[in-house]
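Assemble chain B onto chain A, guided by the hints.
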Amino acid sequence: MSDVEIERWLSDALRRNVTRDPHATARIMRRVRAEVTSGSTPRTPWRRFDVRHSIIGLALAAGIGSITTVSNLGPRADARGRSTSAVIGDSVASTLRDTLRLVRLLFDDPGARRVAVVGDFNRWDASTTALVRDEGTHRWSATLALRDGVHRYAFVVDGVRTIPLSVEPHQADDGLVYSLLHVAPASN
Amino acid sequence: MRYMEDASDHAIIQRILSGDVEQYACLVDRHYDRCARIAVRMLGNREDAEDAIQDAFVRAFRALDGYEDRERFQAWLTRILVNQCRTVLARTRRRESLFTDHDLRALDRVAAPIELGDSWPDLDGALASLSAEQREAVVLRYADDLTYEEMARITGTGTSALKMRVQRAFARLRILLGEVQHV
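Line by line, the protein sequences are chains A and B.
For what it's worth, this note's numbering labels the leading residue of the first sequence as 1, then goes sequentially.
For what it's worth, this note's numbering labels the leading residue of the second sequence as 1, then goes sequentially.
None of these hints come from the bench; they were simulated from the model.
Cβ coordinates follow ideal geometry from the N, Cα and C atoms, glycine included.
All clues given are correct.
Not the full set, but computed from the structure, chain B residues with beta-carbon under 8 Å of chain A:
hint, residue
1, D33
2, A36
3, F57
4, L177
Label pairs and their calculated CB-CB ranges:
hint, chain 1, residue 1, chain 2, residue 2, range
5, B, T92, A, R20, 21 to 27 Å
6, A, A130, B, A161, 37 to 43 Å
7, A, R16, B, R174, 20 to 26 Å
Bound-form chain A, shown alone (with noise of 0.2 Å):
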């Protein structure tokens, strides 16, 4: 009995597949979607990072160049202190109409190696929209160019879908997470 024979024997017998549990993927789904109901899956989606995020402020339309100081611009908050808006700075306001604006994002999580962010601005594609890590905070931002209204985001942490606590969650049909950023029109 040569090894050719052998391996001939081994690769036809051990390729044939072996009888299917015609149930296999539904058990198997049934496991993943309470690992996601629990929440005891680490970094997935599905769990809302303990992380600050913020809308600290929106800046000057696009092609015009500066972004507005950050930091005397805050997000506008509601009646129970949660963000739903950004200031626009007063400056800037009259030349926005019919423009983008500039719209930072911050996202703290000193541990991540990758953020971006997604949303119905940029077909919510990861690769388009990366944060970038400031080396002396460890706080991760990026500017958006935006229209005003009311856009759907969420962060990318290493992979992974994220929304961050302090802000609402939403889900859509298809089950996708996700938040939404107001962008107020400009005050003339």
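The following block gives chain B in isolation, referenced to the frame of chain A:
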């Protein structure tokens, strides 16, 4: 719910990581048969294999954010499955050690009765005649068509050692086949 049967593993994983959990069913469907071939042959019984496969898929799901594209998803999943099968084997051995004083290495070689329907032995019986390490190497090499380099990454064993295990398995099977063909 729209499933992505025709999409690449990479595209499906990106979708899952965007929060569309149900797409994981596509990956399960796509890779289940291959996992079953490996687990059943490594463990030698269907029940343990089903447990190992389920656990492997759930573990893979938990770790999906750590999966990196430089490795094929199939190889990554296989590594998780092989680890799971080893865990099951170790558990089985511990369980058996509570009830027997036999040398467990010898137990590995207690082959199931070999069916002599033709000149080739029954596969399960033949695999049962191999040590666990030889069986693992042979199954990965021939059930999954892996190269020795891929096997090394999956098992954490050097390619030379893997080749040696396969050679020894062949030597063992050659004896077995000789016995069968001379009955």
